[in-house]
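Asks: In the working numbering, the protein residues as written are 2 to 183.
Hints were generated in silico from the structure; no laboratory data involved.
For every residue, glycine included, the Cβ atom is placed at its ideal position computed from N, Cα and C.
Be aware that one or more of the hints could be misleading.
To be verified - In silico PhoX-like pairs for lysine-lysine, Cα to Cα no more than 25 Å straight-line:
{"no.": "1", "residue 1": "K110", "residue 2": "K152"}
{"no.": "2", "residue 1": "K168", "residue 2": "K77"}
{"no.": "3", "residue 1": "K107", "residue 2": "K149"}
What the hints assert, rightly or not - Label pairs and their calculated CB-CB ranges:
{"no.": "4", "residue 1": "R139", "residue 2": "A43", "range": "36 to 46 Å"}
{"no.": "5", "residue 1": "A129", "residue 2": "T35", "range": "32 to 42 Å"}
{"no.": "6", "residue 1": "K149", "residue 2": "E101", "range": "19 to 29 Å"}
{"no.": "7", "residue 1": "G29", "residue 2": "S59", "range": "38 to 48 Å"}
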Amino acid sequence: MKRAVRLLHAGRLGPLPALALALTLVAGGFAAWTGQDWYRAAHDEQAAYAAQRDAALSAGEQAVQNLNTLDHRELKRGLDLWESSTTGELHEQLASGRDEFAAQVKEAKTVSTARVLSGAVTELDDRAGRARVLVALRVTVEAADGAKSDKDSRMLGELTRTDGRWKLSALGQAPVGGTSTG
2 MKRAVRLLHA GRLGPLPALA LALTLVAGGF AAWTGQDWYR AAHDEQAAYA
52 AQRDAALSAG EQAVQNLNTL DHRELKRGLD LWESSTTGEL HEQLASGRDE
102 FAAQVKEAKT VSTARVLSGA VTELDDRAGR ARVLVALRVT VEAADGAKSD
152 KDSRMLGELT RTDGRWKLSA LGQAPVGGTS TG
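Could you put the whole structure together from the sequences, leaning on the hints where they help?
Replies: Here is the structure:
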């Protein structure tokens with residue numbers, strides 16, 4: 002009789018090995034589930050689009066700030082920064098008028114410093130490598146006599162992706178206020 006009882010218990014697992022097996026199965030299921038989520042997130046087109054939008058916004062804000070900041074004491078560095086922040090027609094305009102503009106700034110002896118208040122991407126064509134940004138900034142201008150004045154403005158910028166970097170290809174003032182319809 003003892004032998005029959007032993008045979009009945011031989012096919013069963015004890016409580017500790019059964020618990021270890023259950024925990025292993027749960028951990029394996031959790032790993033498969035999180036792995037699948039990770040894979041989906043890594044290959045999500047919306048995430049890649051959002052990353053390009055963020056890159057365009059960051060580059061646009063920085064470029065607009067660069068083009069509104071200039072110190073007559075470090076003119077070459079400032080104008081070099083302007084040129085490295087731009088591409089296309091805007092770059093050509095800045096490069097061709099550089100000497101004349103530098104002479105004007107040296108004579109006026111002004112220091113302008115821009116600070117971005119906020120910005121937004123208004124359009125993004127990731128495939129074509131084009132974007133538009135709206136940037137609000139505060140520009141402080143210090144005259145030769147030490148007098149300072151602040152001006153808030155909104156700028157509309159167009160960006161073009163060249164060599165994997167977003168650069169400003171056009172810049173202008175954004176209209177302020179609404180228009181009435183009659």
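Asks: Does each hint hold? Answer for all of them.
Replies: For each hint, the structure was consulted:
Proposed proximity of K110 and K152 is supported: the alpha carbons are some 18 Å apart, at most 25 Å. With a C-alpha separation of about 20 Å, the suggested pairing of K168 with K77 holds against the 25 Å cut-off. Taking the CA atoms of K107 and K149, the gap is near 17 Å; set against the 25 Å cutoff, the hint holds. Under the hint 36 to 46 Å, the C-beta atoms of R139 and A43, about 39 Å apart, fit the expected range.
Taking 32 to 42 Å as the suggested C-beta distance range, the pair A129 and T35 conforms, at roughly 36 Å. Checking the proposed 19 to 29 Å range against K149 and E101 shows it holds: the Cβ atoms sit about 26 Å from each other. Against the hinted window of 38 to 48 Å, the Cβ-Cβ separation of G29 and S59 comes to about 41 Å, which satisfies the hint.
The structure meets every hint from the earlier list without exception.
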